[in-house]
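Here are the chains, one letter per residue:
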Amino acid sequence: MKALCVLLFALCVLPAYAADKWTGVDESVVEKYAKEHGREAAKPLINVEQGDLQLFMFLLAGTIGGFAAGYYWRKLTEPGAAGQTQKQQNGPEKE
Amino acid sequence: MIKQIICLVIFFAFASLAVASDAMAMHISEGILPFNWAVLWFAVAAPFVAFGLFRLQKRASVDLSFKPLVGLMAAAVFIISCMPIPVPTAGTCSHPCGTGMAAILLGPSISVLVAAAALLIQALFLAHGGLSTWGANILSMGVLGSFAGYFTFRLLRSAGMNITIAGFFAGLFADWATYAGTAAMLASGIKGDTPFMPLFWKILISFIPTQLPLGILEGGMTAGVIVLLYKKRPDLLVKMCVLRPEEIRT
Numbered sequence: 001m002k003a004l005c006v007l008l009f010a011l012c013v014l015p016a017y018a019a020d021k022w023t024g025v026d027e028s029v030v031e032k033y034a035k036e037h038g039r040e041a042a043k044p045l046i047n048v049e050q051g052d053l054q055l056f057m058f059l060l061a062g063t064i065g066g067f068a069a070g071y072y073w074r075k076l077t078e079p080g081a082a083g084q085t086q087k088q089q090n091g092p093e094k095e
Numbered sequence: 001m002i003k004q005i006i007c008l009v010i011f012f013a014f015a016s017l018a019v020a021s022d023a024m025a026m027h028i029s030e031g032i033l034p035f036n037w038a039v040l041w042f043a044v045a046a047p048f049v050a051f052g053l054f055r056l057q058k059r060a061s062v063d064l065s066f067k068p069l070v071g072l073m074a075a076a077v078f079i080i081s082c083m084p085i086p087v088p089t090a091g092t093c094s095h096p097c098g099t100g101m102a103a104i105l106l107g108p109s110i111s112v113l114v115a116a117a118a119l120l121i122q123a124l125f126l127a128h129g130g131l132s133t134w135g136a137n138i139l140s141m142g143v144l145g146s147f148a149g150y151f152t153f154r155l156l157r158s159a160g161m162n163i164t165i166a167g168f169f170a171g172l173f174a175d176w177a178t179y180a181g182t183a184a185m186l187a188s189g190i191k192g193d194t195p196f197m198p199l200f201w202k203i204l205i206s207f208i209p210t211q212l213p214l215g216i217l218e219g220g221m222t223a224g225v226i227v228l229l230y231k232k233r234p235d236l237l238v239k240m241c242v243l244r245p246e247e248i249r250t
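Just so you know, the sequences run in chain order L and A. Using the working numbering, the first residue of the first sequence is number 1, and each one after it goes up by one. Using the working numbering, the first residue of the second sequence is number 1, and each one after it goes up by one.
It is possible that part of the hints are untrue.
[Unchecked claim] Coverage of chain A stretches by chain L, computed from C-beta distances (three or more under 8 angstroms per stretch; other residues unrestricted):
1) 28-34
2) 126-132
3) 202-216
[Said to hold, decoys possible] In silico DSS-like cross-links for lysine-lysine, where the CA-CA straight-line distance does not exceed 30 angstroms:
4) A:Lys58 <-> L:Lys35
5) L:Lys43 <-> A:Lys191
6) A:Lys232 <-> A:Lys58
These are computed hints drawn from the structure, not numbers from a lab. Being a predicted model, the structure only gives us computed values, none of them experimental. Where is the CB? At the ideal position from N, CA and C, for every residue including glycine.
Please work from the sequences and hints to get the whole structure.
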């Protein structure tokens, strides 16, 4: 469990250092070869950097993600929710 | 224990948002592939996604707690495939895929579905990949990654390997298959009049300095998750058809 915590922590912290110093392979490989052959990456179809769109998207994703997480959390953990069988709800059957 | 794992994943998902940075991806970016190639890869990927949906409905009708597990795994794949990991030896960064792990636990077809959902959100909100290249990215990360990981795991298990080794090589080959697929799709899309194979090898070799160590990291991560579940909740592995009941230590 401790090893998993350390791994997850490292995976969360390393990206903060990675992005500033080193380019991703999308730039250094994919886009490089595409450019050499006359293809360039287009701007994203939905450019979320315009105005407050990013904030709105963040809010929308947070709302949807929060709803989904809560909904499935309840299904997984709450007694009597859809994920529990009738037998589990009632406990072991009496002989 | 499973609640603790879920809490950890959620906590670190939020922690990763706190240090969020520009997406560094291996996915094929928006507009890189010509229209006809983009359509072709989408057409090839679509049946796999449809079959994944069918399998999900079928398994969820038998086991009502299966969908929450799929949702949790989708969140894990989304996070794993968003995180740029620096590779000091190559001076670049890239990310693991998580599809090997998802394929072992959920089956390859549902893992394709999970990858498709993660890639769609990344294309829409993170400029990571693209909508026009969604099909190609599903095919490389979802289909090739999932099936390579799943069959490697199954093959090694049937050859008598323990789950640590089988999980490690499943993660490793899932990662490498994804990048080999990306190289093939990119080469076919941008080659123009030049021959395919030299360009394919050139792109594939360019991936090696970054993906060789990252594949090993992904193998270790996949094996770690499978072994953790085996030690703490082997019943979950039986439920997800990863192990047979008689394979659990008593």
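Outcome of the hint check:
no.	hint	verdict
1	28-34	holds (count 7)
2	126-132	holds (count 4)
3	202-216	holds (count 6)
4	A:Lys58 <-> L:Lys35	violated (44 angstroms)
5	L:Lys43 <-> A:Lys191	holds (22 angstroms)
6	A:Lys232 <-> A:Lys58	holds (27 angstroms)
Violated hints amount to a single one, hint 4; each of the other numbered hints is respected by the structure.
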